[in-house]
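Undergrad: Sequence:
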Amino acid sequence: MLSGSYVALVTPFKNNEIDYSSVERLIDFHLKNKTDGILLCGTTGESPSLATDERERFIQFAINKIGSKLPVMIGTGTNNLHKTISSTCRAKELCADYALVITPYYNKPNQEGMYQFFKRVAEETEIPIVIYNVPGRTGVNISAETVIRLSEIKNIVGIKEASGNLRQISKIIKDTSDEFSLMSGDDNLTLPILAVGAQGVISVTANILPEKVHNLVESYLNGKISQALELHQELFEINEKLFIDTNPIPVKETMAMMQLIEREIRLPLWTLSPEKLNVLRNTLIHYGLI
Numbered sequence: 003m004l005s006g007s008y009v010a011l012v013t014p015f016k017n018n019e020i021d022y023s024s025v026e027r028l029i030d031f032h033l034k035n036k037t038d039g040i041l042l043c044g045t046t047g048e049s050p051s052l053a054t055d056e057r058e059r060f061i062q063f064a065i066n067k068i069g070s071k072l073p074v075m076i077g078t079g080t081n082n083l084h085k086t087i088s089s090t091c092r093a094k095e096l097c098a099d100y101a102l103v104i105t106p107y108y109n110k111p112n113q114e115g116m117y118q119f120f121k122r123v124a125e126e127t128e129i130p131i132v133i134y135n136v137p138g139r140t141g142v143n144i145s146a147e148t149v150i151r152l153s154e155i156k157n158i159v160g161i162k163e164a165s166g167n168l169r170q171i172s173k174i175i176k177d178t179s180d181e182f183s184l185m186s187g188d189d190n191l192t193l194p195i196l197a198v199g200a201q202g203v204i205s206v207t208a209n210i211l212p213e214k215v216h217n218l219v220e221s222y223l224n225g226k227i228s229q230a231l232e233l234h235q236e237l238f239e240i241n242e243k244l245f246i247d248t249n250p251i252p253v254k255e256t257m258a259m260m261q262l263i264e265r266e267i268r269l270p271l272w273t274l275s276p277e278k279l280n281v282l283r284n285t286l287i288h289y290g291l292i
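The sequence shown lines up with residues 3 to 292 when you count with the working numbering.
Be aware that one or more of the hints could be misleading.
As the list claims (entries may be wrong) - Below, in silico cross-link-like pairs of lysine to aspartate or glutamate (EDC-like), each with a Cα-Cα straight-line distance of 16 Å or less:
no. : residue 1 : residue 2
1   : Lys-71    : Asp-30
2   : Lys-16    : Glu-56
3   : Lys-121   : Glu-147
4   : Lys-173   : Glu-147
5   : Lys-71    : Glu-56
6   : Lys-94    : Glu-147
7   : Lys-34    : Glu-232
8   : Lys-278   : Glu-232
9   : Lys-278   : Glu-242
10  : Lys-121   : Glu-154
11  : Lys-67    : Asp-21
12  : Lys-214   : Glu-232
13  : Lys-94    : Glu-58
14  : Lys-85    : Glu-125
15  : Lys-156   : Glu-126
16  : Lys-67    : Asp-30
17  : Lys-278   : Glu-236
18  : Lys-176   : Glu-147
No lab work stands behind these hints: they were computed from the structure.
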């Protein structure tokens with residue numbers, strides 16, 4: 003069952019190419035620091051900016067490096083049904099454990115359109131599918147009722163929920179089976195979402211503080227509520243600052259200052275303004291990260 007702290011891994015670049023030496027170091031970093039799973043080619047991984055061939059090489063390299071040590075999830079969703087099915091089938095061929103399929107964006111489908119879209123993807127593929135709901139990016143919100151219907155399809159096994167709507171999240175958890183996982187998609191809401199019954203988080207902050215994010219989730223799931231609350235409060239400010247601009251700009255700036263990766267992001271994203279960079283730097287100094 004999908005649970006724990008998954009890192010939404012950044013894709014490191016150097017001279018506009020994927021920096022494979024940094025990829026290797028990042029994977030080693032997560033293997034040593036309690037990360038429970040790795041998401042490749044998600045929002046934080048700048049998936050829209052990756053060419054098809056380099057995306058495949060990156061996934062293959064990372065999966066070969068990770069081996070069987072951690073489960074791997076691949077972002078495969080687009081707003082094109084054929085491309086999504088093809089990409090999701092390929093994730094299975096590359097030995098990924100899960101496919102993360104975002105709600106179709108730009109098209110602005112209604113609820114029945116989203117249901118039929120995910121149903122078709124599930125019917126045409128075999129890999130376990132995790133729905134990704136992030137209305138702030140896609141322009142659509144998949145309703146609790148639609149998710150509940152989709153949860154009855156065998157290989158739709160969970161949802162990454164980044165709507166911020168705790169009523170919606172609570173209803174999904176209440177009306178789906180215990181085998182269906184809901185994962186927080188918002189670092190600062192991870193504890194509240196765990197409190198209504200979620201199984202974990204797919205985290206941006208885990209790129210820099212994987213052990214603390216893991217410990218927050220593990221503490222709560224093991225009934226150590228006060229310890230989880232303490233970690234939530236400790237992480238609150240850094241979680242906020244990692245979203246002072248469009249993700250993954252701040253987290254990549256952070257990782258560059260921590261000398262984990264090069265300071266490089268792909269257009270149309272751009273580096274932080276000097277003012278925001280200074281705010282971020284002061285926060286990292288406060289946390290003892292630089």
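Undergrad: Enumerate the violated hints, using their earlier numbering and listing them in ascending order.
TA: 5, 6, 7, 8 and 17
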